[in-house]
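Going line by line, the protein sequences match chains P and E.
The first sequence: position 53 = 53 (my numbering), numbered continuously.
The second sequence: position 172 = 172 (my numbering), numbered continuously.
Bear in mind the hints are in silico, worked out from the structure with no lab data behind them.
Heads up, a few of these hints could be off.
[Claimed, not checked] Below, a list of computed lysine-lysine pairs in the DSS-like style, where the Cα atoms sit at most 27 Å apart:
| # | chain 1 | residue 1 | chain 2 | residue 2 |
| --- | --- | --- | --- | --- |
| 1 | E | Lys167 | P | Lys102 |
| 2 | E | Lys167 | P | Lys167 |
| 3 | E | Lys111 | P | Lys167 |
| 4 | P | Lys67 | P | Lys102 |
[Unchecked claim] Examples of chain E residues toward chain P, derived with CB under 8 Å:
| # | residue |
| --- | --- |
| 5 | Val25 |
| 6 | Asn89 |
| 7 | Ile126 |
| 8 | Phe154 |
| 9 | Ser157 |
Because the structure is a prediction, the values reported are computed rather than measured.
For every residue, glycine included, the Cβ atom is placed at its ideal position computed from N, Cα and C.
Protein chains: 2
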Amino acid sequence: MRVVVLRLGHRQERDKRITTHVGLVARAFGAEEMLLTGIDRHIEESLIDVANRWGGDFRLRSGVNWKDEMVLWKKTGGNVVHLTMYGSNLMDVLGPIRNSEKIMIVVGAEKVPPEVFDVADWNVAIGNQPHSEVAALAVFLDRLFQGKELAQEFLGSLRILPSARGKHVMEHH
Amino acid sequence: MRVVVLRLGHRQERDKRITTHVGLVARAFGAEEMLLTGIDRHIEESLIDVANRWGGDFRLRSGVNWKDEMVLWKKTGGNVVHLTMYGSNLMDVLGPIRNSEKIMIVVGAEKVPPEVFDVADWNVAIGNQPHSEVAALAVFLDRLFQGKELAQEFLGSLRILPSARGKHVMEHH
């Protein structure tokens with residue numbers, strides 16, 4: 001299954017660190033690309049730096065038009081999942097979502113245009129309480145991939161040896 | 001099982017929104033309290049406002065001394081889980097962690113004092129890739145509570161009716 005993440009409504013400065021966390025989670029939890037409606041060099045640099053050192057094929061594409069991307073994705077056989085606290089319970093829709101071969105996961109900032117709710121195949125809530133788009137994305141991907149995403153190999157120049165105490169990092173070039 | 005979250009090393013301004021997200025996730029995913037080493041009125045107001053409108057008993061305690069809190073927690077029969085990308089694989093330690101009756105989950109910002117690794121009963125990685133303390137906390141709690149935390153009732157004045165399209169919010173006073 002192919003998974004990309006579309007980050008909507010990024011406001012420079014205010015959302016800088018949250019959007020960076022969304023991108024890092026997308027990469028670490030098995031998405032292949034993040035699309036960003038704005039352009040933010042700081043975020044691009046952070047994510048490219050992580051991908052360079054820690055490995056994997058994660059990509060970032062900035063300055064996209066969200067509507068064009070969603071429509072094109074659906075036209076080419078993909079499905080769109082919009083994560084929102086107003087949506088259906090995750091467990092009620094995860095079965096059909098797992099049958100998709102191409103999923104675009106849409107995560108918004110404060111205000112999401114109503115059209116997003118209509119274009120999405122599924123509006124999905126990770127609980128119906130206010131919390132965080134970073135958390136919603138992580139839990140959605142963890143449930144979607146049933147935990148297997150955390151065992152991915154990234155083959156970067158930096159690699160952590162999991163350990164009960166302290167920090168054990170292997171570095172090779 | 002009682003769960004509290006200790007947020008270390010909050011730097012005002014830089015971490016404002018990330019720490020708010022940590023607090024919102026703690027509440028939404030079943031923790032009863034967040035302890036914060038700094039003092040930040042903005043974060044306090046955001047979290048109290050959410051708890052007032054959306055319900056539940058979540059509390060915030062600011063300006064704590066992290067070492068005193070960890071030591072006291074352990075002295076009174078609690079266990080400490082430190083979430084870190086350098087730690088043991090989640091699945092290798094989740095069994096014993098589930099046997100605890102009182103868990104303090106420690107989440108750091110950039111630099112965590114080495115002593116935290118020593119005082120913690122478990123240093124736990126949600127994957128060994130860099131990502132986000134917000135995501136790590138959410139996935140840890142989701143796995144710990146096996147998804148049941150998302151079905152909690154908060155009994156606030158605002159309540160969402162999950163739905164496939166649009167926003168359906170019930171309000172009562």
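Against the structure, the hints:
1. As the CA atoms of Lys167/E and Lys102/P are separated by approximately 26 Å, the hinted pair is consistent with the 27 Å bound.
2. The hinted pair formed by Lys167/E and Lys167/P fails the criterion: a straight-line CA distance of about 45 Å is larger than 27 Å.
3. Taking the CA atoms of Lys111/E and Lys167/P, the gap is about 12 Å. The hint holds against a cut of 27 Å.
4. With a C-alpha separation of about 17 Å, the suggested pairing of Lys67/P with Lys102/P holds against the 27 Å cut-off.
5. Because the closest C-beta pair between Val25/E and chain P is about 5 Å apart, less than 8 Å, the hint holds.
6. Restraint check, Asn89/E versus chain P: the minimum CB separation of about 5 Å is within 8 Å; hint holds.
7. For the restraint placing Ile126/E at the interface with chain P, the shortest Cβ-Cβ distance is roughly 7 Å, inside the 8 Å limit, so the hint holds.
8. A least Cβ separation of about 6 Å between Phe154/E and chain P falls short of the 8 Å threshold, and the interface hint therefore holds.
9. Annotation: Ser157/E was flagged as interfacial toward chain P, and the flag is violated, the nearest CB pair being 13 Å apart, outside 8 Å.
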